[in-house]
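One line per chain: the protein sequences are A and B, in this order.
Residues in the first sequence are numbered from 119 upward in steps of one, following our numbering.
Residues in the second sequence are numbered from 487 upward in steps of one, following our numbering.
The reader is advised that the hints may include incorrect statements.
Residues from chain A that face chain B, not an exhaustive set, calculated with beta carbons under 8 angstroms [as the list claims (entries may be wrong)]: (1) V218; (2) R223; (3) S224.
Just so you know, the hints here were simulated from the structure itself, not pulled from any lab data.
Each residue gets a CB set at the ideal place from its N, CA and C atoms; glycine is no exception.
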Amino acid sequence: MMINSKVPTTKATHKNLKKADPIATFKNSILIVSVVGTMAGWLILLDQEADSLPASTAIPVSTSISNPNVIVAQTPSGVDITQLRQVNKVERPAVEAIAVVARTRSSR
Amino acid sequence: MQANTNSSTPQLATFMLPAMGCHVQTSLNITQLSLQQTQGNTDQEIDQKIDQKIALVKVYVEEKLLQWEHIFSRFDNTSELMRLNSHTNQWTDISPELFAVLESAIAFVPKTQGLVTPTLLNTLWDIGYKHSFETLAKQPTPSVQTAQPTLQDTSDASKNDAANQSIKNIKLRTSAHGQRKVFLPTGTALDLNGYVKGWCAMQLAEYISQRSDWQLPCLIDMGGDIAIGVPNEQKFAKPITWAIAIAKPYIADSQQVQDEEDIAIIHISAGAVATSGQDYRRWWHKGHWQHHLIHPYYACPAKSDVLSATILADDTLTAEVYAKYCVILGAKKALQWLSEQHIAAVLVNTDYKVMASPAIHPNLIAI
Numbered sequence: 119m120m121i122n123s124k125v126p127t128t129k130a131t132h133k134n135l136k137k138a139d140p141i142a143t144f145k146n147s148i149l150i151v152s153v154v155g156t157m158a159g160w161l162i163l164l165d166q167e168a169d170s171l172p173a174s175t176a177i178p179v180s181t182s183i184s185n186p187n188v189i190v191a192q193t194p195s196g197v198d199i200t201q202l203r204q205v206n207k208v209e210r211p212a213v214e215a216i217a218v219v220a221r222t223r224s225s226r
Numbered sequence: 487m488q489a490n491t492n493s494s495t496p497q498l499a500t501f502m503l504p505a506m507g508c509h510v511q512t513s514l515n516i517t518q519l520s521l522q523q524t525q526g527n528t529d530q531e532i533d534q535k536i537d538q539k540i541a542l543v544k545v546y547v548e549e550k551l552l553q554w555e556h557i558f559s560r561f562d563n564t565s566e567l568m569r570l571n572s573h574t575n576q577w578t579d580i581s582p583e584l585f586a587v588l589e590s591a592i593a594f595v596p597k598t599q600g601l602v603t604p605t606l607l608n609t610l611w612d613i614g615y616k617h618s619f620e621t622l623a624k625q626p627t628p629s630v631q632t633a634q635p636t637l638q639d640t641s642d643a644s645k646n647d648a649a650n651q652s653i654k655n656i657k658l659r660t661s662a663h664g665q666r667k668v669f670l671p672t673g674t675a676l677d678l679n680g681y682v683k684g685w686c687a688m689q690l691a692e693y694i695s696q697r698s699d700w701q702l703p704c705l706i707d708m709g710g711d712i713a714i715g716v717p718n719e720q721k722f723a724k725p726i727t728w729a730i731a732i733a734k735p736y737i738a739d740s741q742q743v744q745d746e747e748d749i750a751i752i753h754i755s756a757g758a759v760a761t762s763g764q765d766y767r768r769w770w771h772k773g774h775w776q777h778h779l780i781h782p783y784y785a786c787p788a789k790s791d792v793l794s795a796t797i798l799a800d801d802t803l804t805a806e807v808y809a810k811y812c813v814i815l816g817a818k819k820a821l822q823w824l825s826e827q828h829i830a831a832v833l834v835n836t837d838y839k840v841m842a843s844p845a846i847h848p849n850l851i852a853i
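Isolated chain B (complex conformation) (with noise of 0.2 angstroms):
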């Protein structure tokens, strides 16, 4: 735990939790609470007091984090998510937050033309993603080589697909008692982990600083995906403002590019910031590079201009649908739908050229 003491500054008390297949960040704004503290309390007490509070923080995330994990894995067949895959054709009941995550997964489809879909956990385990990202192989390996589709161009949107006619027989219900059900069709498996992190990151943000007594300005970092927590108190006050540097992609299959280069920096004051992209998780699989953003009009990796997107938006999810929105789609269309829907945006090319949405100038900082 790293807290920061200088009282020119705002202090900050950050830590790292690994979680969820990612390094969990925690930084909390503690310069009012160290101002509260301060009447009548020795510099050791008020030190005492906020180690302790943070203490409870930590605690919080951690058994969290630990909850979520057992029930959105899908490197675990014991996880209510898996066990909902090995239940289709039948009304299974399912928690408030596998309920709230698949709904706000299935709301997306239609938003982002189907290319964003929860319906593809078969597709990833044909390409080889069937184990956490660790364990799969990182450098060409001899193996037999199997013809990979063409794919001239994935970002064509007019075809239909499978994925999408299955999502469409998804059924979700709530019962007088309040309990959930869902309902999936045979043949139908769900991989929620395009969500699932920004889901998380929201829910810890808003708890640690809305919810729960600590009302603590935060910010919520789940291996990229971003969430600002504002305190009900602080949002009619000077906001705390949070910058947020957008690391360069790196392509772990070439020595293009060092890893920790920033390509810009950003600043935001409430919402979150999520990034997704074709650069880092990559694998060789049967003779090919694969990687984790599926096209699934063609059900394989998205081809695409684009690297990486780093989207700004209201709630954390929302920016991570739609970072893989605008990767899938590529760097034209997906321009042209960032202007027209006025989001703030940063995208990065294969030829590494950054292009900024016009909505994001008000928060940079740099680029």
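With the rest of the complex left out, here is chain A (with noise of 0.2 angstroms):
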């Protein structure tokens, strides 16, 4: 079977895109105007971002000694040790019920 798949149609077509339907460009320019918005948006925030301070995400170790594969802990003066302690046990959980059973040192 053939099927006539001609289209005479081509003034049709030209008279209805003269005659451009007035509420769908309104919503292409809804549509515009929304992409635009939401671009110039992401700038904005973008923009403010950058201009925000940096975050510090340096340990406080100090890296005194030469050799990039050993940290160096130093307590800071003025420092109670004692405290640095009991934060560090709070932040370990799995640790945190064991008593200090002997002390190290050179030997006596």
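Using the hints, put the two chains back together into the complex; each one sits in its own frame.
Okay, here's the thing in structure tokens:
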């Protein structure tokens, strides 16, 4: 079976294009404004983030030894080591119930 | 004896014994023992049975310490070690204990570039450490000041030395009947103090926790050299964790720090921890402060920027040797070596700065 697929509507199409639907135009306008607005919003947000102060991620550990594989931990002067120890104990619940049983030191 | 009987916390029985020039602490975890005794027994009967077991352990520890003191003491001329030192240039029968420690000590010589060696008794005598530490001068005394060797940097391991020459000539052998023998070359005198406490701590911990019927988890502390005993059946169960403080080094000839301060707290479930340092065993001799960590290449106390070193290892003798090695090496070389070998350690330098090797972080509770 042959199907006649020729569409004799050239003139009619041109007429439709010239005669644009006012509702569709209005919708397109809203869409464009919406997209532009969203982009502008993101740009403003990104700009604000770039202006914020950089957060420090440095670990408060002295690395005065030149060997990069070694971490040098130094208690800051004037800080009570007992307080530091208590803080660390809270952060490590796995060992919270352990009491110090012995003390290692130069042979005595 | 102190037994902690609070049911919500691990129950510990601890006793202290003076031996081998130090305080020996034995801590037994008796939580499991208490649970085993509860069936059909009153509280009083449970306590009695536990006390009986603890008393047996204490008797065993006392006997072994006494036996080992007679073998290893270098302050007793009748000890097996000192008798061996007087029988050089011949084959001498020795006990399995002396053989085991000497064999281990010799094995560590190449591993420590010859810096930790058992052949330094004559040097220790030369610098005044001929009698027990308690009897040595702890204050400057008026005496003739002799020239102290100039020690700018004793961590230089490039030189050769007499101590390591003599160690090559020490021979060990076991006869067909199991008798151990040793041949000491002329002029060689052994001091095993840097190995014995660690070895004894590990022997006690392994016996109490594994080789005896007691099968008790335990901690043995021989003057700062600590071994953990883990019963065979516990190796696959949830391990018992022991928290151990690392004491701040205390220089006896200065008022800089107070005793009983800690620089860190670690936790271990097995193995050992030991500390060595130039801080505590110091004495005044011939116009100079001396300490017991001898640099074999220079035959005098090592000058190092490491005040003390604490090492975690599988056994206490290893921890003790490596701790001494780190002190003699100095901070920079020691930290490099610890990092390369993945050894857990905490060093304190002469400015009291605390330095931790990367491998120790899983064991650190506080620093």
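Status of the hints after comparison with the structure:
1. V218: holds, 5 angstroms
2. R223: Because about 4 angstroms separates R223/A from the closest Cβ in chain B, which is inside the 8 angstroms limit, the hint holds.
3. S224: holds, 4 angstroms
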